[in-house]
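> Position chain B relative to chain A; hints supplied.
Protein chains: 2
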Amino acid sequence: MASTIGDLGEFGLIERVTARFPRTDDVILGPGDDAAVVRAPDRRVVASTDMLVEGRHFRRDWSTPRDIGHKAVAQNFADVAAMGARPTTLLIGLGVPADLAVDWADEFAAGVAAECATAGGTVVGGDTVRSDTVVVSVTALGDLGGRAEVRRDGARPGDVVAVAGRLGLSAAGLALLDRGLDAPEACLREHRRPRPPYAEGPRAALLGATAMLDVSDGLVQDLGHLCAASGVTIDLERAALVPPPELRAAAAALAGERSADATALMLAGGEDHALAATFPPGTELPDAWTRIGTVAPRSAEADAAAAPAVTVDGRPTDAAGWRHFG
Amino acid sequence: MASTIGDLGEFGLIERVTARFPRTDDVILGPGDDAAVVRAPDRRVVASTDMLVEGRHFRRDWSTPRDIGHKAVAQNFADVAAMGARPTTLLIGLGVPADLAVDWADEFAAGVAAECATAGGTVVGGDTVRSDTVVVSVTALGDLGGRAEVRRDGARPGDVVAVAGRLGLSAAGLALLDRGLDAPEACLREHRRPRPPYAEGPRAALLGATAMLDVSDGLVQDLGHLCAASGVTIDLERAALVPPPELRAAAAALAGERSADATALMLAGGEDHALAATFPPGTELPDAWTRIGTVAPRSAEADAAAAPAVTVDGRPTDAAGWRHFG
Numbered sequence: 007m008a009s010t011i012g013d014l015g016e017f018g019l020i021e022r023v024t025a026r027f028p029r030t031d032d033v034i035l036g037p038g039d040d041a042a043v044v045r046a047p048d049r050r051v052v053a054s055t056d057m058l059v060e061g062r063h064f065r066r067d068w069s070t071p072r073d074i075g076h077k078a079v080a081q082n083f084a085d086v087a088a089m090g091a092r093p094t095t096l097l098i099g100l101g102v103p104a105d106l107a108v109d110w111a112d113e114f115a116a117g118v119a120a121e122c123a124t125a126g127g128t129v130v131g132g133d134t135v136r137s138d139t140v141v142v143s144v145t146a147l148g149d150l151g152g153r154a155e156v157r158r159d160g161a162r163p164g165d166v167v168a169v170a171g172r173l174g175l176s177a178a179g180l181a182l183l184d185r186g187l188d189a190p191e192a193c194l195r196e197h198r199r200p201r202p203p204y205a206e207g208p209r210a211a212l213l214g215a216t217a218m219l220d221v222s223d224g225l226v227q228d229l230g231h232l233c234a235a236s237g238v239t240i241d242l243e244r245a246a247l248v249p250p251p252e253l254r255a256a257a258a259a260l261a262g263e264r265s266a267d268a269t270a271l272m273l274a275g276g277e278d279h280a281l282a283a284t285f286p287p288g289t290e291l292p293d294a295w296t297r298i299g300t301v302a303p304r305s306a307e308a309d310a311a312a313a314p315a316v317t318v319d320g321r322p323t324d325a326a327g328w329r330h331f332g
Numbered sequence: 007m008a009s010t011i012g013d014l015g016e017f018g019l020i021e022r023v024t025a026r027f028p029r030t031d032d033v034i035l036g037p038g039d040d041a042a043v044v045r046a047p048d049r050r051v052v053a054s055t056d057m058l059v060e061g062r063h064f065r066r067d068w069s070t071p072r073d074i075g076h077k078a079v080a081q082n083f084a085d086v087a088a089m090g091a092r093p094t095t096l097l098i099g100l101g102v103p104a105d106l107a108v109d110w111a112d113e114f115a116a117g118v119a120a121e122c123a124t125a126g127g128t129v130v131g132g133d134t135v136r137s138d139t140v141v142v143s144v145t146a147l148g149d150l151g152g153r154a155e156v157r158r159d160g161a162r163p164g165d166v167v168a169v170a171g172r173l174g175l176s177a178a179g180l181a182l183l184d185r186g187l188d189a190p191e192a193c194l195r196e197h198r199r200p201r202p203p204y205a206e207g208p209r210a211a212l213l214g215a216t217a218m219l220d221v222s223d224g225l226v227q228d229l230g231h232l233c234a235a236s237g238v239t240i241d242l243e244r245a246a247l248v249p250p251p252e253l254r255a256a257a258a259a260l261a262g263e264r265s266a267d268a269t270a271l272m273l274a275g276g277e278d279h280a281l282a283a284t285f286p287p288g289t290e291l292p293d294a295w296t297r298i299g300t301v302a303p304r305s306a307e308a309d310a311a312a313a314p315a316v317t318v319d320g321r322p323t324d325a326a327g328w329r330h331f332g
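If you're matching them up, the sequences are chains A and B in order. The opening residue of the first sequence carries number 7 in the working numbering; numbering runs sequentially from there. The opening residue of the second sequence carries number 7 in the working numbering; numbering runs sequentially from there.
No lab work stands behind these hints, which were simulated from the structure alone. We treat Cβ as the ideally placed atom computed from N, Cα and C, and that holds for glycine. Take these hints with a grain of salt, some might be off.
[Said to hold, decoys possible] Just so you have them, the derived chain A footprint on chain B, three or more residues with Cβ under 8 Å:
#, stretch
1, 34 to 42
2, 85 to 99
3, 131 to 138
4, 141 to 151
[Unchecked claim] If you anchor each label on the Cβ, the simulated ranges turn out as follows:
#, chain 1, residue 1, chain 2, residue 2, range
5, B, GLU21, A, ASP48, 26 to 36 Å
6, B, GLU21, A, GLY164, 25 to 35 Å
7, B, PRO103, A, ALA107, 19 to 29 Å
8, B, GLY18, A, GLY320, 29 to 39 Å
9, B, GLU21, A, ARG321, 24 to 34 Å
10, B, PRO47, A, GLY186, 52 to 62 Å
11, A, LEU291, B, ALA123, 41 to 51 Å
12, B, ALA107, A, ALA313, 28 to 38 Å
13, B, GLY151, A, ALA104, 32 to 42 Å
Pulled out of the complex, with its shape left as it was, chain A reads as follows (with noise of 0.2 Å):
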């Protein structure tokens, strides 16, 4: 028995990771062939690529291989749902020692075929290579069904902000781990596995979202970027961002750290892969989606002052997002 992914070669290990993937109705050829074959129904293709690096991303102690392949499946397929898409196919770069465990790669694909199965996708082909440290790559394929793509820059003056998932719960799962803490588990566990509402996306295409993105890296960060390819502002109101019982938990259990507002969480931790969008006004919100904001145009007075394009009750906020090479 090979006990280490040395043992087993490149090509074992593939075909061990590859076996489990069922192959879906938008697959047409799937791992085995120099390239996948995915079917594209209406002659286009979202994509969008992600590396997870180890120590960076994620650390093999705090999660475990299941929810590493849960994480890297979600922070992609997040991604196609945010252009308003339904998630089909996946190829996954997987850059591991050589003297890891095969459990840890059996472990790893069966998080990533979980939460294929919950998003709706499948993997179609990979690559397996060895490396110092562990690598995942992913790249996410998508189907827009006939919808307008929803892009960042299509947001008006006028237009509802909402969000859909969920905001702060992984960045205080995040925290609790870097004090040892090992409560409150939700959001160790949202840390771990966050569970972006996939259907949420091409039902905001469907309800008409001007533009929308999934909050990877902060909702004031992330909503800046919109604010700044759609040439507007954006107010949030801090009573509509109420925090869940586990994450005002989470903030006392982190009293005296900076990131002990359970509210500053909502508005600068990344990763729980929530959906926040732009609607006409006037759009009724399915209850998946709650209203937190309105978008203004920006002035030329602004730019000038080079002030921020996000305020909370119309004031600046501090909240800092994550910079991955800070």
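Quick look at chain B alone, frame taken from chain A:
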């Protein structure tokens, strides 16, 4: 002026790198949003992914960043061409140390752009992350333009085996570098910047190729995969494998090494990304394709004896391919 990638930051690096890629007719929405939107005119998309790790797939002292950009694109678009598809777009994940010079990223991007121009594709998305060593992940997409995809499993007894592109030069180049030699330059160049015959993939599909792949692990090893998928054997003709002068010169320079035989380099060397295909007997092959062997049935006796699927002039060859977890 930012001189390291750490100074520039993630978003600065992404903008800097993506700014140089033209928007081609295949691109509906390029970099800068949650995901790209790419045309898939025939309702199918071909997709392949590869990961390159510093120290394993390239060395920064042996290859310039421009070389690495070329090679990362070439090996992925070769996979797309090997399905009979036209390369269209790429998504690139780049893991780099924060202290890496910005020049490095600029030169890498220049290599990517130049190879994209050769292949006819462009970059529509990417991700940059911090990593202790340089890791490049490339996902390539392609369009079949109405052609049936050419898989590995369609070779039939009696088919002709042919190759387009180069064999053995890249492996010779690597062996020369390993010995500290810097000539013949042609071999080093092919190792650093392989030149897959992109246009021959779609052309082979139109000619009726029954199976095809790109030679990345070595001709014998890769044809072995084709044989396994198709349930056939292949006999190669040594007389048809004519080493070009630069490969003979390399073999002479490497005299005394196991790899010193020029024909052995053609049989075992990978990474030139030649295309190898099988065609129905009687197919009139264009000049770019060289007939090198014939497909035969796989007998039950051969199966039982675990006889090698690929022979040369009827005899087994010990040409070993490239094992990533040896």
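> Take the hints in turn and mark each one as holding or not.
Quick rundown of the hints versus the structure:
Residue count for the stretch 34 to 42 of chain B with a Cβ under 8 Å from a Cβ of chain A: 7. That meets the three needed, and the coverage hint holds. Interface restraint, the stretch 85 to 99 of chain B with chain A: holds (9 residues with C-beta to C-beta distance below 8 Å; minimum three). With 8 residues having a beta carbon nearer than 8 Å to a beta carbon of chain A, the stretch 131 to 138 of chain B meets the requirement of three or more and the stated coverage holds. Counting residues of the stretch 141 to 151 of chain B whose beta-carbon sits less than 8 Å from any beta-carbon of chain A gives 7, enough to reach three: the coverage restraint holds.
Checked against the given bound of 26 to 36 Å, the beta carbons of B:GLU21 and A:ASP48, roughly 30 Å apart, stay inside it. At roughly 30 Å, the beta-carbon separation of B:GLU21 and A:GLY164 lies within the given 25 to 35 Å, and the hint holds. About 28 Å separates the C-beta atoms of B:PRO103 and A:ALA107, a value consistent with the hinted range of 19 to 29 Å. At about 30 Å, the CB distance of B:GLY18 to A:GLY320 agrees with the hint of 29 to 39 Å.
Range check, B:GLU21 to A:ARG321: Cβ separation about 29 Å, and the 24 to 34 Å hint holds. Checked against the hint of 52 to 62 Å, the pair B:PRO47 and A:GLY186 passes, with Cβ atoms roughly 55 Å apart. The hint said 41 to 51 Å for the Cβ distance between A:LEU291 and B:ALA123, and at roughly 46 Å that hint holds. With their beta carbons about 35 Å apart, B:ALA107 and A:ALA313 fall inside the hinted range of 28 to 38 Å.
The supplied range of 32 to 42 Å is met by B:GLY151 and A:ALA104, whose beta-carbon atoms lie about 41 Å from each other.
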